[in-house]
Amino acid sequence: MRLPRIFRTTPFRLTLLFLALFASAASAFLAYIYVATAGEARRRTDMEITREMHSLVAAYDRAGTDALNQSLIERAASERPFLYLLMNKDQKPISGSIQESPVEKFNGPIQWTSFQVTDQDSQGHTVKHPARGLQERLSGGQILFVGADVGADEAYVNKIVRALEGAGALVIVLGLAFGALFSRNVTRSMVGLTEVVDAVRNGDLGARAKVRGTRDEFDELASGVNEMLDRLERSMAGHRHAGDAIAHDLRSPLTRLRARLEAAYLDVEAGRGDPTQALAQALEDTDGVLKTFGAVLSIARLQAAGAAPDPVLFDPAELAADISELYEPLCEEKGIDFAAEFSKDLQVRGNREFLAQALANILDNAVKYTPKGGAIMLRVRRRSSGEIEFSVTDTGPGVPDDDRDRVVERFVRLENSRNQPGAGLGLSLVAAVAEAHRGRLELAEGPGKVGELGPGLRVALVLPRPA
Amino acid sequence: MRILIVEDDREAADAMERGLTEAGNSCARAADGEEGLAAARDGEFDVMIVDRMMPKMNGVQLIETLRREGDQTPVLFLSALGEVGDRVAGLQAGGDDYLVKPYAFAELIARVEALARRRETGSVQTLLRVGELEMDLIGRTVSRQGKEIDLQPREFQLLEFMMRHAGQSVTRTMLLEKVWEYHFDPQTNVIDVHISRLRSKIDKGFDRPMLQTVRGAGYRLDA
Numbered sequence: 012m013r014l015p016r017i018f019r020t021t022p023f024r025l026t027l028l029f030l031a032l033f034a035s036a037a038s039a040f041l042a043y044i045y046v047a048t049a050g051e052a053r054r055r056t057d058m059e060i061t062r063e064m065h066s067l068v069a070a071y072d073r074a075g076t077d078a079l080n081q082s083l084i085e086r087a088a089s090e091r092p093f094l095y096l097l098m099n100k101d102q103k104p105i106s107g108s109i110q111e112s113p114v115e116k117f118n119g120p121i122q123w124t125s126f127q128v129t130d131q132d133s134q135g136h137t138v139k140h141p142a143r144g145l146q147e148r149l150s151g152g153q154i155l156f157v158g159a160d161v162g163a164d165e166a167y168v169n170k171i172v173r174a175l176e177g178a179g180a181l182v183i184v185l186g187l188a189f190g191a192l193f194s195r196n197v198t199r200s201m202v203g204l205t206e207v208v209d210a211v212r213n214g215d216l217g218a219r220a221k222v223r224g225t226r227d228e229f230d231e232l233a234s235g236v237n238e239m240l241d242r243l244e245r246s247m248a249g250h251r252h253a254g255d256a257i258a259h260d261l262r263s264p265l266t267r268l269r270a271r272l273e274a275a276y277l278d279v280e281a282g283r284g285d286p287t288q289a290l291a292q293a294l295e296d297t298d299g300v301l302k303t304f305g306a307v308l309s310i311a312r313l314q315a316a317g318a319a320p321d322p323v324l325f326d327p328a329e330l331a332a333d334i335s336e337l338y339e340p341l342c343e344e345k346g347i348d349f350a351a352e353f354s355k356d357l358q359v360r361g362n363r364e365f366l367a368q369a370l371a372n373i374l375d376n377a378v379k380y381t382p383k384g385g386a387i388m389l390r391v392r393r394r395s396s397g398e399i400e401f402s403v404t405d406t407g408p409g410v411p412d413d414d415r416d417r418v419v420e421r422f423v424r425l426e427n428s429r430n431q432p433g434a435g436l437g438l439s440l441v442a443a444v445a446e447a448h449r450g451r452l453e454l455a456e457g458p459g460k461v462g463e464l465g466p467g468l469r470v471a472l473v474l475p476r477p478a
Numbered sequence: 003m004r005i006l007i008v009e010d011d012r013e014a015a016d017a018m019e020r021g022l023t024e025a026g027n028s029c030a031r032a033a034d035g036e037e038g039l040a041a042a043r044d045g046e047f048d049v050m051i052v053d054r055m056m057p058k059m060n061g062v063q064l065i066e067t068l069r070r071e072g073d074q075t076p077v078l079f080l081s082a083l084g085e086v087g088d089r090v091a092g093l094q095a096g097g098d099d100y101l102v103k104p105y106a107f108a109e110l111i112a113r114v115e116a117l118a119r120r121r122e123t124g125s126v127q128t129l130l131r132v133g134e135l136e137m138d139l140i141g142r143t144v145s146r147q148g149k150e151i152d153l154q155p156r157e158f159q160l161l162e163f164m165m166r167h168a169g170q171s172v173t174r175t176m177l178l179e180k181v182w183e184y185h186f187d188p189q190t191n192v193i194d195v196h197i198s199r200l201r202s203k204i205d206k207g208f209d210r211p212m213l214q215t216v217r218g219a220g221y222r223l224d225a
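Those sequence lines, one after another, are chains W and E.
At position 71 of the first sequence (counting the first as 1) the number is 82 in our numbering, and the numbers step up by one without a gap.
At position 154 of the second sequence (counting the first as 1) the number is 156 in our numbering, and the numbers step up by one without a gap.
Keep in mind that the hints were calculated from the coordinates and are not lab data.
Certain hints may be false.
[Unchecked claim] In silico lysine to any residue, SDA-like type, Cα no more than 25 Å apart, as pairs: (1) W/K345 <-> E/K149; (2) W/K345 <-> E/R156; (3) W/K170 <-> W/G135; (4) E/K58 <-> E/A17.
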């Protein structure tokens, strides 16, 4: 038989386990209380009986049977809570407040017994009370019994026991109820996640778990799962788009190349003209194709690896200085003012080669879009968050505010090559490099509009603080 | 030059052989690593072009074996892989240069020539001379027709590389790799601008330009 779902959950089982543990602990505790309470009451009664017996025996030893008898009569008449019976050697009652001894077979000098005493309650009904008694043989051979009604004590103890039983039952009922509630709550949190897992298993990569904002471990798990799915989806999308992008990026230049070669071939065949120019162009086209191919390959490899290969710890300023040295002449030739500013004593962990290429690509991009008379600034600094930022600011046309996120996303998805002819795969590779280093690519506005220039673009490659 | 081509892709090997033969070299071919090992042991070659991934014995194993046997023939690895780690592994195995497929043929020729040349100039030189151009590697000075030319450190390195490969085409990728030690495809302009700066220093004011642009390939320093 399958139990309802709510009873099959881990939380419910855990609750049962805790309940069992708690019940055992509680039982032990209750048993102790019982023993302590009931035992204590009995010890006190026994002590009082013993004391009474001693005082009576002392009276007998001092003044003999008559004095004892007298004393018994006096005591029975008083409000003392004791039961007395004086018997002769053969256990025949002589005097006392009860008819006969509850001790059936008396053979010791001293014997304790528990028995029932009959009494009448306020309504005149006959009731029986539990009682304790001590029977002792006096030095003259007579036998003296002293007992006490312990009904009140027993009733008290019973009341406690009943209370304890009730409490136990309440604990179990409440425990089960809380368990069910707890189970339902946790189950509700888990159901969302389970549904997401099911959806993803069935191919819906867009499914996301609900983060309820309670900041508990389920929320953490949910946002962890969501983040994982985001990455996965991006990476899958990247792969999906990569194929399209490669096809597109290579198709146009290859078509051009084929047309050129065909034209050259026809020219040669017809015996007219010199095909050298066309062939040289074809070579240049081929180089372009190879370059695109190389970029796509690098991106694909980075995305497939998921992490930058061979990471080392190094000074980002050194790398930036190297790249500056490579690009400074290019800027100068284009009439662009190049400036560099590097913070000292920084460290990043990463693949130097890929990071160098990423920086080079950002600078390529800046040089391409910055007009003569503009400026480019390369900076390396540590953000207050501890992240290391390489940034290139130019005074080109920039990217409109609303488009920036979309543009970055497009780079990440390798789509830009289609939508922005000429931009190539440069920033897509930067995005891939950033991702492989657990960093990111950020676009922001440059220095703003100054005359013909600007507003410019600020491209930042942000790397996490080295661990 | 005698060149051994060890490549399992027949068409690629055909194209290479044709191109290299037309450039005035004689070629021998092997279609897998074991064949390549036998061919290399038998013949004397100036350069070996070795594909990294081949049946029977891969390129890295082949070169490791040859190097253990004391064969110092310069080796150019060809690979469809281009990871930094692959290149490092190829060079550690004893390869001298590494070219990632697909490549421009000019790139292949330039690298093969550079490797063959390096062997010839194996001894340690302190003075490089190409025509009127002189480079003192110890004093770090350069002069043409006895007139001293002031170069920045990087320009000096660039010129040193060009002088060591005088008369050969060197590609932009080679320059970026050997002079700057970057292994990515250069934005064409970046290297061009450095070359044109260098050119303005060594050719300006002289009757004949030495630093030539080779269409579709790169640059060449002529004596």
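Which of the numbered hints are not met once you compare them with the structure shown? 1
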